[in-house]
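Participant: Please model the entire structure based on the sequences and the hints provided.
If you're matching them up, the sequences are chains G and L in order. Counting from 1, position 133 in the first sequence corresponds to residue 133 in the numbering used here; the numbering is continuous, with no gaps. Just so we're on the same page, the numbering used here is the position in the second sequence counted from 1, plus 325.
Don't read these hints as lab results, they were simulated from the structure. Please note that a few of the clues may not be correct.
To be verified - A short, non-exhaustive set of chain G residues, derived as facing chain L with CB atoms under 10 Å:
hint	residue
1	28
2	52
3	55
4	63
5	105
6	107
7	111
8	126
9	130
10	145
11	160
12	242
Unchecked claim - In silico DSS-like links for lysine-lysine, alpha-carbon gap of 30 Å or less:
hint	chain 1	residue 1	chain 2	residue 2
13	L	654	G	281
14	L	528	L	449
15	L	599	L	449
16	L	508	G	47
17	L	354	L	342
18	G	224	G	125
Remember, predicted model here, so these are calculated numbers, not experimental data. All C-beta atoms in this analysis are idealised placements derived from N, C-alpha and C, irrespective of residue type, glycine included.
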Amino acid sequence: MSRELTVVQAVTDALRTEMRGDDSIILLGEDVGLNGGVFRATDGLQKEFGEARVIDTPLAEAGIIGTAIGMSLYGLKAVPEIQFLDFIYPAFDQIVNELAKFRYRSGGQYAPNVTIRAPYGGGIKGGHYHSQSTEAYFAHTAGLKVVVPSNPYDTKGLLIASIRDPDPVMFLEPKRIYRAMKGEVPEEAYTVPIGKAAVAKEGDDVTVVAYGSMLHVALQAAMKAEEQGVSAEVLDLRTLVPLDEDTFLQSVKKTGRLVVVHEAQRTAGFGAELVALAAEKAIEHIEAPMLRVTGLDTPFPYALENQYLPDVPRVLDAIQRTVSY
Amino acid sequence: MSGKLLQVVREDGQVEKALEPRLSDAQLKELYKHMLQVRLVDERGMLLQRQGRLGFYISAEGQEAVHVGAGYALEPEDWYYPHYRDPGVGMMRGVTIQEMFHQLYGNRADATHGKQMPNHYSWKDRNVVSVSSPLSTQIPQAVGTAYAMKYRGQRHVAMASFGDGSTSEGDFHVGLNFAAVWKLPCIFLCNNNQWAISVPLSKQTASESIAIKALAYGMEGVRVDGNDVLAVYRASKEAVDRARRGEGPTLIEAVTYRMSSHSSSDDATRYTPKEELEAWKRKDPILRFERYLRNKGVWDQAWADQLREQTNAQVAQAIQLAESQPKPKLGSIVDDVFAERTPQLEEQLADLQRTHPEVE
Ligand SMILES: Cc1ncc(C[n+]2csc(CCOP(=O)(O)OP(=O)(O)O)c2C)c(N)n1
Ligand SMILES: [Mg+2]
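Facilitator: If you want it as structure tokens, here you go:
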């Protein structure tokens, strides 16, 4: 059986489905209990599973992640929520120096299984500190997997896969599309594999790569391009680390052209990694400059948010520039 | 909770009868053994570093009573989240001197596969968690483990060990606060050796003590003579018992002194007052405990001589074997990043193997 759910409902559904079958799963974070989270991602879960499993923690991100690590070293599966990705920095040390490195530094003895959920990204009029898209920090940290879903079905499947995955996962939720769409989501538990990209739209002339909420901007731009006679293939990365190089390179080799779209600022963003990879491993197939459509190298602006975020005209412009090169 | 210092054995070895813990002669000798073994391993470790045979070393000289006394109050199922100046807890749980030297040399026999600097041990099957360089991070982690123990309905406890300088880090405050709010079976052991590298405690805090900070978090705080192994044991046992009864966490401040430099890379003569060092030499925890054992009639010179000899022989043998072991295999460089190697890691390893075919 399946029903139509939004992305945020798919988060709740994934947590509920998985928690019913596994009493080692513990949720913790700010306002996640009684209030069900500020985005309602954990709505009703404390009621169903009790205060010991859905914990309203004191307000300290380092404590949320630090205790999640300690729980998980003892055999629990901790799924902390960081209220906004923008507020994760008090826990940065616990994430990059502890969570990500425990397995390595202990020679495989201690391996915390923590899935950190955090809403990320702009488009909600959240200004500076409720909009940032800082996946590159985490993709740049050895020992972390980085997962970003773009639709309700993948959200449930990837979140369950992340919780079951033996490694630490940064599960970044595109809050801009938390409620923007509905999609069929099976009632039972299922997984969408980590490390596998999806071809969201097939095409021959240019590869457009995106993830999270930008996938939809990329798709819309691709539809427009189609009207203008350009066949764009759109890839939904779904996982940044470990990256599905095969799907990516296959597409780039086929089309010979690449446009990467992400909200994060350009310099040293994940797009740079993709372009470098294509240059290293598919240069003989590349027929035009590879382009990045990204946020600007500025702090996230409030009033000009819609201009900061990549949109259809900007992506379309890049597609046209690369195909007409 | 005040500035009062819990002391069981005075510097001259006389005991405060009313406070003396009930330990058998055999147990008392065990405490002595653990402290002496830490001292002897450290002496050799520092020497090896100076000879250029070890890259680095951290000594616990003068502070042995703190973690030996506290660790002795724990059961094997209790978890210990170490600082880096407290190897005795692993040793009293059965870690061999050989295992330690394999880690110090980062060789192929090392339980952590040469992944970390010397002294950053990890003893999973002894419930001693991996040592981390970033200070105080272990404190909230111990709290999480204590939460898991309580959640599972077990009567185990978690103990986090750290230095005095470490109490200025945010993780210290965060950890104590969470533990008190959740009323967890967690014990916080501050090895107050009065220095954070070259910075004295007076520059870390304006509180009259570290123990007094417990008051603000809503937990028990005790201040003990950290060179008195029985005082540390007594305070720790009380804290552990309280925790097992479900009465929440305790902060223990054990006042001691760092008799060595911060590490082999530091020169403490640049900043440690000579007189202070001399004064603390007279408070040596191992000599004090020996005086106590003598007064009690438990001391056995032949036993002590043999213990020293045996330990030194074990250390010598451990060094020999550790030095003869090869480095970890090249492939291990990409192991334990994740549960399984990713294609990217395989590719990076292949590059390395191509350019460094000489490395096994
Ligand atoms: C977060 C962090 N900052 C700085 C350092 C560098 N450092 C290593 S030990 C140390 C002093 C620690 O003092 P204390 O907590 O009193 O422990 P002790 O070495 O005296 O046992 C410093 C500053 C570090 N390891 N981690
Ligand atoms: Mg210190």
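Participant: Does each hint fit the structure? Answer for all of them.
Facilitator: Cross-check of the supplied hints:
no. : hint               : result
1   : 28                 : holds, 9 Å
2   : 52                 : holds, 6 Å
3   : 55                 : holds, 8 Å
4   : 63                 : holds, 4 Å
5   : 105                : holds, 5 Å
6   : 107                : holds, 4 Å
7   : 111                : holds, 7 Å
8   : 126                : violated, 25 Å
9   : 130                : violated, 23 Å
10  : 145                : holds, 7 Å
11  : 160                : violated, 17 Å
12  : 242                : holds, 4 Å
13  : 654(L) with 281(G) : holds, 28 Å
14  : 528(L) with 449(L) : violated, 36 Å
15  : 599(L) with 449(L) : violated, 40 Å
16  : 508(L) with 47(G)  : holds, 22 Å
17  : 354(L) with 342(L) : holds, 18 Å
18  : 224(G) with 125(G) : holds, 26 Å
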